[in-house]
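**Q** Sequence:
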Amino acid sequence: MGERDPARDGQPAQDGAAGGAGASDTFAGRTLGVLVQFRRAALPSATWTVPVLMILGIASLIYLSSFWLDVLTASRHRQGDDGASLAGLLDTVLDQDIQQARNTLGGLGEVMAAVLGLALTVSSIIVQLAATRFTPHITGLFFRARTNLVILGFFVTSSVYVLWVNFSVGDHYLPHWGVLFSMLLMTTSLLLLFPYFAYVFDFLDPEKIVGRIMDHGLAAATPLRGRAAQATDDRQLRAVEAVEHLANIGLNALQQKDKGIASESIDSLCEFGVRYGETKAAMRQDWHRIPGWNRQSPDFVSLSDEAVDDLRRRGTWLEWKILRQYQMLFGEALGQIKDTCYLIAIDTRRLGEAAGRRADVHALDLAIKFFNTYLRATVNASDIRTAYNILHQYRQLAEFVLSHSREVTSDRERRESLEHRALQIARFMRYYSAVAFERGLAFITEVIAHDIGTLCELAHGLGSRAHDEFLSVFLAVDEHAETKEQEKSLRGVRRAQVKLATMYLCHGAEAVARRIRDDMAEEPLERLRSIWQELESLENREFWEVNDRGSNFDYLPPEQKNQLETYFGWFPGLEPPAAARARRTTSSLLPEAARPAAMRRGQA
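With numbering that gives the first Met the number 0, the residue at position 558 of the sequence shown is 557, and numbering never jumps.
None of these hints come from the bench; they were simulated from the model. Keep in mind that the hints are not guaranteed to be accurate.
[What the hints assert, rightly or not] List of simulated lysine-lysine pairs, DSSO-like, C-alpha gap at most 30 Å:
| hint | residue 1 | residue 2 |
| --- | --- | --- |
| 1 | K368 | K256 |
| 2 | K337 | K368 |
| 3 | K337 | K258 |
Let the hints inform the model, and build the full structure from the sequences given.
**A** See the structure below:
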């Protein structure tokens, strides 16, 4: 806590600096950290004070009412020489005889034991149920929580105190104040019982459990100063445990079909990775080493020594750990809740974007590598819809990297490095288009063609030097079609090519559009005519089914439709297609948009 960002003030990227000032900063930072963690862990004050004050107020009101009635009716009862009065009440409370004290303490002891037993029983059962549902780590978190220790400690202390006072009563000693304190302790214990149960239920709220685990892990993975920064192994262990516990919560939720908790744990892993990355540059150098206990964990044990050394040298071992949990959850979600696969892809994109913003190209490379792994898993499972949504996030990552590279004007090497990563994503997508096509998943190939076409459009709009390479990758998407029958199944790729060519024509890039025309030169004229008609007849931008993208691949804005005749005019012998109403196609068979009733009656 209280550390500086070395990247901003020019100081060395070490968090272990010592010295007189550093020692005082460390103490202040620890104190502040303890206060912050206590405030995060504690319930809002109203949760404690409101029930206590309400119960105490109601009980006091009832007691004062009964005392007032005793005062009013004192003449009818035997109340001693002075009758019922406040002085008499105080004298009775403070000056009890031995028999009264024993009767009071005997009842107090039984009540205190019941309160302690009730608190322990209820909390233990609830915590055990939550540990079974989420992760066994909850038990440790609960019994280490400061508030829980204080309340249970108070119950135990009160019970012991009442026991001792009860034991000390005798003919030669009467603890007047001990009896009074015992009564006050029992009253306080009863008042705290209801807020304590509220605290237990609030502590075990899934969202708060996930947030608490994430905060504990981030506290260990944050740059520190002084002696605490030197306990690297212990800090690494706590960070790794936090990541694994979050993944276990997500895994258990997926197995129980609990989409909400699974999503919460997945998002927390993403937030953990993003916030860790923001301060990673200030960590000590020994933080990036991988000790033996970590090397033997399932996420590292199968890696070669060269791969482990690469993670150490690049400082990405914790990012690898997080993304490996995503890979495990992705495999589970692919057969359980596929919507969770989309969320994992979204959060992987966010991790990649955060790495791109801070110029951590090695962490960005990991995000790209795991996107490729997700694509491989979905293609192997022949899951077209999941691949469709993952490609959407993968393309958005490439768009961000490409756009961000143009914002980096002062560092040419960094700009070119980011452009290269965006181009690599396009090449990887083209590779998986071939893999999908070989497995009979031609639609995935079509989706990839449209996504790479979008990247070409962005690169052209940004004036990227890599635009020509993007276009070369785009034109190579259909190279894996070896027979005429296979070429027929790639009509969607050809539509994507025509769509991109019309965009170039709208921006006056005729030479680039002719490159696409040359690639389509061998296409049969009848196929080109049908593609022309399909693109021209589609009027609705929105797709007619629910999907994440929301738009129709084949939709062309009016300005691009106006370029269709110019583009197809470059093919000798190709005549304009018949009107859509004369030759009905798939697009023309779709339901028309809703029209006013008056218009329909006029047409009738």
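**Q** For each hint, tell me whether it holds in the structure or not.
**A** Verification of the supplied hints:
no.: 1; hint: K368 <-> K256; result: holds (28 Å)
no.: 2; hint: K337 <-> K368; result: holds (21 Å)
no.: 3; hint: K337 <-> K258; result: holds (10 Å)
In summary, this structure violates none of the numbered hints.
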